[in-house]
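Single-letter residue listing:
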Amino acid sequence: MSFQLDCPNCGIRPVWEFHFGGPSRKRPEPDDPAVTERQWAEYLYNRPNTCGEQTEWWYHRSACKTWFLARRDTRTDQVLETRLFAPQEAAGG
Amino acid sequence: MADSHEGVEFEFDGKTIRARAGQTVSGALHAEGEHILSRSFKYHRPRGLLCASGRCPNCLCTVNGTPNVRICTVPAEEGLVVKTQNAWPRVKFDLLSIFDRLHKFMPVGFYYKMMYKPRWMWPVWEKFIRRIAGLGNVDRRTGGEATYDKLNLFCDVAVVGGGWAGLSAAREAARAGMSVTLIDDQPELGGHLRFDPDLADAGLADVIRDVRENPAIQVWDRATVFGLYEGNYLGIQRGNRMIRLRAREVIVTTGGWERPLVFENNDLPGVLLASAAQRLLHLDHCTFEGDAVVVTDNAQGYRVARQLAAAGTNIAAIVDVRENPPASEFQVIKERTLARARGARHVTGAVVGRFSGQPQSTIPCRWIIQAVGFTPANSLLYQNGCKLRHDEARDHGIVKTYARGTQSAGTVNGHHDPAAAALDGRCAGLAAAAALRPNDSGLSASRDELAAKLAAWPAGEMTSRHYVSPAQAKKKFVCLCEDVTEKDVCDAIAEGYSNIETLKRYSTVSMGPCQGKMCQGACIAICARENQQSIEQTGVTTSRPPEQPLPLGLLAGRALHFSLVRRTPMHDWHLRNGATMMDAGNWKRPQVYTTVEQEYEAVRGRAGLVDVSTLGKIELRGRDVVKFLEFIYPNRFENLAVGRVRYGVICDDAGILLDDGTIARLDTERFFLTTTTGNADAIDSWFRSWLAGKPGLDVRLTNISGSYAAMNLAGPRSRDILRKLTDADVSTAAMPYLAARQCDVAGVPAIILRVGFVGELGYEIHVPSQFGVHIWEAIIEAGKEFSLVPFGVEAQRLLRLEKKHLLPGVDTDALSNPLEADLPWIVKLDKPDFVGQRSLARASARGPRNRLVGFRISGDQIPQPPALIMHEGKLGGRVTSCSFSPAAGCAVGLAWVPAAISHNGDRIQIQVDGQTIVAVVQDEPFYDPPGEKLKS
Ligand SMILES: [Zn+2]
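Respectively, the protein sequence lines represent chains A and B. Numbering of the first sequence is given in the numbering used here, commencing with residue 163 and proceeding in unit increments. Numbering of the second sequence is given in the numbering used here, commencing with residue 76 and proceeding in unit increments.
If we strip away everything but chain A, and leave its shape as in the complex, we get (with noise of 0.2 Å):
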């Protein structure tokens, strides 16, 4: 693990400058009726292993502290985006 991330704030800097928080996934609404005990319990518990891209959840720990995504593949980590969740995206934390 020695690739860079673009920390959307401070520019590209080393991996081991941010704490990975895992893919960004949807927080299904919890009072939803809809949403059975399975789905939450999925949300709560399972971890899509993704073999390619995904987006994810990175914080800038040793720095500006800021939570951002990026798109990166898994497979070769690549890093092909990074950006500040942008309001009009529905994902939880």
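Honestly, the hints are just simulated from the structure, not real lab data. Be a bit skeptical, because a hint or two may be false.
With a cut-off of at most 25 Å between alpha-carbon atoms, the simulated BS3-like pairs for lysine-lysine come out as follows [what the hints assert, rightly or not]:
#1 B/Lys859 x B/Lys799
#2 B/Lys906 x A/Lys188
#3 A/Lys227 x B/Lys702
#4 B/Lys562 x B/Lys549
#5 A/Lys227 x B/Lys903
For chain A, the structure is supplied; the task is to place chain B with the ligand on it using the hints.
Quick look at chain B with the ligand alone, frame taken from chain A:
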């Protein structure tokens, strides 16, 4: 002869060796006629110089106490102490060479087959193997003296290798405006042209000077790139320093490793690679006295023969594998190869034969020089994820697809002609620059122009696929590091280890110090032949860092991954006043000053002062803070008035309790939060993770943990003490329990929170850290008349335990939710969505399975956490805290127990040292159950 050697003297196995200035240790030894430099790993056969370039294992010696140093890379210096290793009693007369006669008892996979049973014998075998098979001994007295350091660098383009291709690439990239770092493992730039005068033209010196003097090019010579990691991160060894270089583009121009031919006794001293002979001739200014036989299939063999002859060697014959060798001034024996080297401790003759085997003839000679081609040094390309294919026509691995940001050029690409290699290097330099400046169409145009020129270059000389002499024999060494013969490899394949990866592991071929540089080519060729596959189908073994063996000190050396020590502003005061300090995460905290009993008595009876600067402190400001807190916490905040503080716990979405702390509302839109010691960064990150998903919220968050010193003044007399230090009204009416105030204390601005972690009237006072010592000393001074004492973490823990206040992480774990952790009142399930709500609602509906309860024990035993709790003959829970409580007059504690036995008065069974002791569950705190003292 010796008199002409001006320069230095060093010691070799006790003998004084004179060396010329600039000579390597091995060169000086060659000049002195010392040709046995080591004994082989398994059979203890004598070994001498083979590659003379720091690749093969044959010259591994102990130099000044450091084992496994390749003396062909060490400049001779005055006073060096060089010792041979792996021989007993000494390298010239090694009694362990008896193993050479026992080879039929040491078949391939010997260790696996012979020593795995009986199991009880393994420790004996292990000692035996380690004694006879080790590579050198670490000198424990001097081994620790070296200091290793790390250096971090970055550049646009890193060029690995300083030969023609690398020099050209570096120059071209620098010309295009890139910052370039060139790394080469030799003391001088120039690659193999340095020791092949027939190839080098006058331009070389100019190019080298140009590169050296170019301010855009940083040159690291004598530096080995041992790893190329993802993101173009290069690990480089340079002496005792590790350089970590981040490059945007990497150009690999590592050339090739000349490969030995596999024939009977090919490991005998006097058998050398052509490039080794050239190095000795031209760099070490040595000669080869006597007759030499050159075996070759290419022009290099003829060049080295001419160079040897010019230095006085008699070329007895050139054995050329090919049908139509070129005309030569030497005797050429065509369509023959070497069957065997004759000799016991040094070559005395070369046995030459046909490919079909018989008949053979012997040519007396002292030297056998082999020039049968190069294996591309492409392991860095493999490490970086490049895909290579085997070009059958050229018998050469060619890059099929490059990893991002990677180029290669020169011999490693199969361009042996120096001019073609230079052209290829320029292409790579331009390609790297073009990749970094994609909008500059001129760069890629120039690159394409050069590439077209290179494509039209006359096809270079082909090397034949001549790796292994066809003559049947037993001691044809494939892998010199591990003493693996062709027969061993064939036997392993016959035993079913026919895949190149399993073959490697079973036969240990390529697993020694050379990491396959000498043996990989032949091993793959044999594997392909035995499996009747092509080289491409056979594949290669995975290439991993390190490329070259490294001292472990290099990896461990000094770097910036020190562990942080955090001290509170009052740290020195604690030390001056007799505190025993303890670790709390990165923090140092006073554990106890005098005794826990004395400190406890003071707090309960009079007053005490504890340093709580280690609490995490987070300030939240903004219009939407209340909204955010309502979402993050299970309890309610919209009704928290300005000037009030509230206890809260933080849960995750599974309802698991993460942390606790207090939340004070200092102003309408300003909140002051505390977290437990060591959790500030995690909670900061937790808050920010939820805020990141709610970009519209007006919440600004600042972690001010280190900016504030904090102390808790507690005990019945604490109000009297505080009153002396502030003009603020501290009466119960003006500053009741759970009040939050901002006022001056001892002349400095402070935040005062009336909270009672220890169960007494108390004030948590936060001040900017530069005032920490001042206010601490002021309180101590003002408290003297009330006999106030400082108290430590131990007393604090006992005091809180008597109040049944839990410590997250001590009394809770990754399965604890607040409903079960004795905090059901805190969870307001009727609130709209908050983190953990759905899971807590479900847990609430299901009812508790386990609960955190208080207990008391009437006996004098104090079970230590995690003492186990038995229920109906099964494991039911565990004790998390337990101490003797002066207030209760007995041992009290907290424990997780099954819900069935979690009610007031239930009896629980705790296992202590194999005995069962009975404790009684108690709902009420053990001290001041109504909380009157707290609220007084
Ligand atoms: Zn940043």
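Is the straight-line distance between the alpha-carbon of B/Lys906 and that of A/Lys188 25 Å or less?
Holds, because 22 Å separates the two Cα atoms, which is no more than 25 Å.
Is the straight-line distance between the alpha-carbon of A/Lys227 and that of B/Lys702 25 Å or less?
Measuring from Cα to Cα gives roughly 22 Å; hence the hint holds.
Is the straight-line distance between the alpha-carbon of B/Lys562 and that of B/Lys549 25 Å or less?
holds (6 Å)
Hint consistency between B/Lys859 and B/Lys799 [alpha-carbon to alpha-carbon, up to 25 Å]
Answer holds: B/Lys859 to B/Lys799 is near 12 Å, not above 25 Å.
Verify the proposed pairing of A/Lys227 with B/Lys903, using a straight-line Cα cut of 25 Å.
violated (30 Å)
Hint compliance for this structure: hint 5 is the single one not met.
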